[in-house]
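Enquirer: Residues per chain, in single letters:
Number of protein chains: 2
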Amino acid sequence: MNKVFIVGIGPGGVEYMTAEAMQAMAQADVLCGYTVYIELVRELFAEKETYTTPMMQEKERCLWALERAQAGKTVAMICSGDAGVYGMAGLVLQLVEDYPDVEIEVVAGVTAALSGGALLGAPLGHDFCVVSLSDLLTPWEMIEKRLRCAAEGDFAVCLYNPSSKKRADYLKKACDILLSAGKSPETVCGWTRNIGREGQKKKLLSLQELREETVDMFTTVFIGAESTKNLSGWMVTPRGYERKCRS
Amino acid sequence: MNKVFIVGIGPGGVEYMTAEAMQAMAQADVLCGYTVYIELVRELFAEKETYTTPMMQEKERCLWALERAQAGKTVAMICSGDAGVYGMAGLVLQLVEDYPDVEIEVVAGVTAALSGGALLGAPLGHDFCVVSLSDLLTPWEMIEKRLRCAAEGDFAVCLYNPSSKKRADYLKKACDILLSAGKSPETVCGWTRNIGREGQKKKLLSLQELREETVDMFTTVFIGAESTKNLSGWMVTPRGYERKCRS
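Line by line, the protein sequences are chains A and B.
First residue of the first sequence: 27, per the working numbering; consecutive thereafter.
First residue of the second sequence: 27, per the working numbering; consecutive thereafter.
What the hints contain is simulated information worked out from the structure, not anything from laboratory work.
Treat the hints with care, as some may be off.
Same chains, same label: a pair holds when it works inside one copy or across any pair of copies.
[What the hints assert, rightly or not] Below, a list of computed lysine-lysine pairs in the BS3-like style, where the Cα atoms sit at most 25 angstroms apart:
no., residue 1, residue 2
1, Lys198, Lys229
2, Lys29, Lys229
3, Lys74, Lys29
4, Lys255, Lys228
5, Lys85, Lys192
What you are looking at is a predicted structure, and each value in this text was computed from that prediction instead of being measured.
Work out the full structure, taking the sequences as your base and the hints as a guide.
Expert: In structure tokens:
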């Protein structure tokens with residue numbers, strides 16, 4: 027079947043995958059994706075052909091998948107988290123017009139904002155923004171503008187890609203922007219690392235403390251709204267503003 | 027076991043639930059939740075006790091769950107979509123301090139921003155905001171402020187609760203705010219209705235057209251960023267700004 031599934035598998039472990047994601051992988055002739063994610067699913071489908079590429083070769087990987095599907099195969103392209111949120115679905119859909127026989131199906135998955143959120147409590151219980159601090163594909167000025175708007179709107183904010191070797195100070199820069207745009211230093215924040223995998227960790231802290239925190243690329247960072255509370259170690263953004271007045 | 031799982035089951039069908047959500051429900055002595063969601067899972071666990079309450083009695087439902095857990099039961103509180111995003115996790119965590127023996131575990135699920143996004147393509151492929159138009163618990167001025175900030179930051183925006191009988195014109199009001207705050211009338215938008223259920227529908231349209239659209243409370247609305255495209259009927263927000271220059 028000339029088909030590419032783009033499959034979000036969630037944070038990693040089999041328990042976080044939807045039945046739909048499992049079915050898509052089971053139907054596929056070939057599994058492809060970033061090496062680390064393929065390792066996570068290879069043992070489930072040991073008999074299947076796999077194709078892996080390193081981190082940066084994403085366009086090449088999408089073209090490979092589309093070529094295989096054009097040749098009659100069913101391909102499952104594996105994404106961590108969701109297939110759409112900073113995932114490969116958009117890139118495949120940008121390239122598919124040259125492969126008119128190929129059918130596309132996007133299979134949603136639990137993105138880190140949700141899996142990390144569950145670990146912390148309910149940091150995204152009300153309106154929120156998701157912002158990536160990676161400036162590989164986005165000018166830093168745009169990231170800064172978005173952080174500023176997120177703070178001005180008193181959104182809870184979830185930060186993806188908060189750090190990398192080349193961008194060790196980006197989280198500090200982001201905190202400074204949020205502080206200068208109106209978030210209080212006392213804002214309740216949290217982070218999660220290696221969600222659903224070995225070495226899973228979480229921590230609650232203030233925005234002022236987050237500014238000094240060392241995080242890595244496997245960390246997802248949550249910055250509260252004004253209403254966000256630390257309730258016995260749970261990070262909670264209540265759904266209703268009236269609750270704030272009562273407490 | 028004195029435990030409450032707060033379980034996000036995704037948009038409805040069993041295929042959208044994670045294995046973790048299924049396991050939590052299987053472990054539970056009692057399933058509780060809004061009547062409609064309990065109907066969705068009752069046939070999977072026909073032997074289990076269930077407790078349902080109508081839409082607005084959420085605090086009462088949370089207290090019931092905590093009481094049962096305090097009395098030694100394992101309770102699974104069912105939420106559609108994710109457990110945290112406009113879900114019950116926050117409210118349970120706000121109430122749990124009076125039930126010191128009760129353990130809480132939040133189980134993430136595929137929220138409508140992701141399941142609806144997958145149906146449309148990849149509308150949330152880059153930074154995005156999620157905003158609820160319900161002013162039951164949030165002053166309309168705050169909703170308006172957030173929409174304005176979302177537009178100023180050129181975020182893709184996902185709107186929850188875009189309409190109800192009492193709020194028939196809220197989507198139009200929201201579109202007008204987004205337009206006045208800088209979104210172009212040509213912005214690529216889309217909506218999904220009854221995701222993963224009977225009567226599933228989707229539509230792509232411009233922001234100008236969305237302004238005139240009639241939607242219901244089962245609709246999730248997506249408003250693109252400046253870079254968002256309609257690619258042969260798929261709504262795609264590319265991850266990289268450089269791609270915009272190439273196309």
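Enquirer: Now look at each hint and say whether the structure bears it out.
Expert: Verification of the hints:
In this assembly of identical chains, the alpha carbons of Lys198 and Lys229 lie at most 25 angstroms apart only when taken from the same copy (17 angstroms versus 41 angstroms across copies). Proximity of Lys29 to Lys229 under the C-alpha cut-off of 25 angstroms is restricted to the inter-copy arrangement: shortest distance 22 angstroms between copies versus 42 angstroms within a copy. Taking the shortest Cα distances, Lys74 and Lys29 sit within 25 angstroms of each other inside one copy (16 angstroms), while across copies they are farther apart (40 angstroms). For the homomeric pair Lys255 and Lys228, the shortest alpha-carbon distance inside one copy (16 angstroms) is at most 25 angstroms, but the shortest distance between copies (37 angstroms) is not.
For the identical chains of this complex, Lys85 and Lys192 are intra-copy neighbours only, at 22 angstroms inside a copy versus 47 angstroms across copies, given an alpha-carbon limit of 25 angstroms.
Checked against the numbered hints given earlier, this structure breaks none of them.
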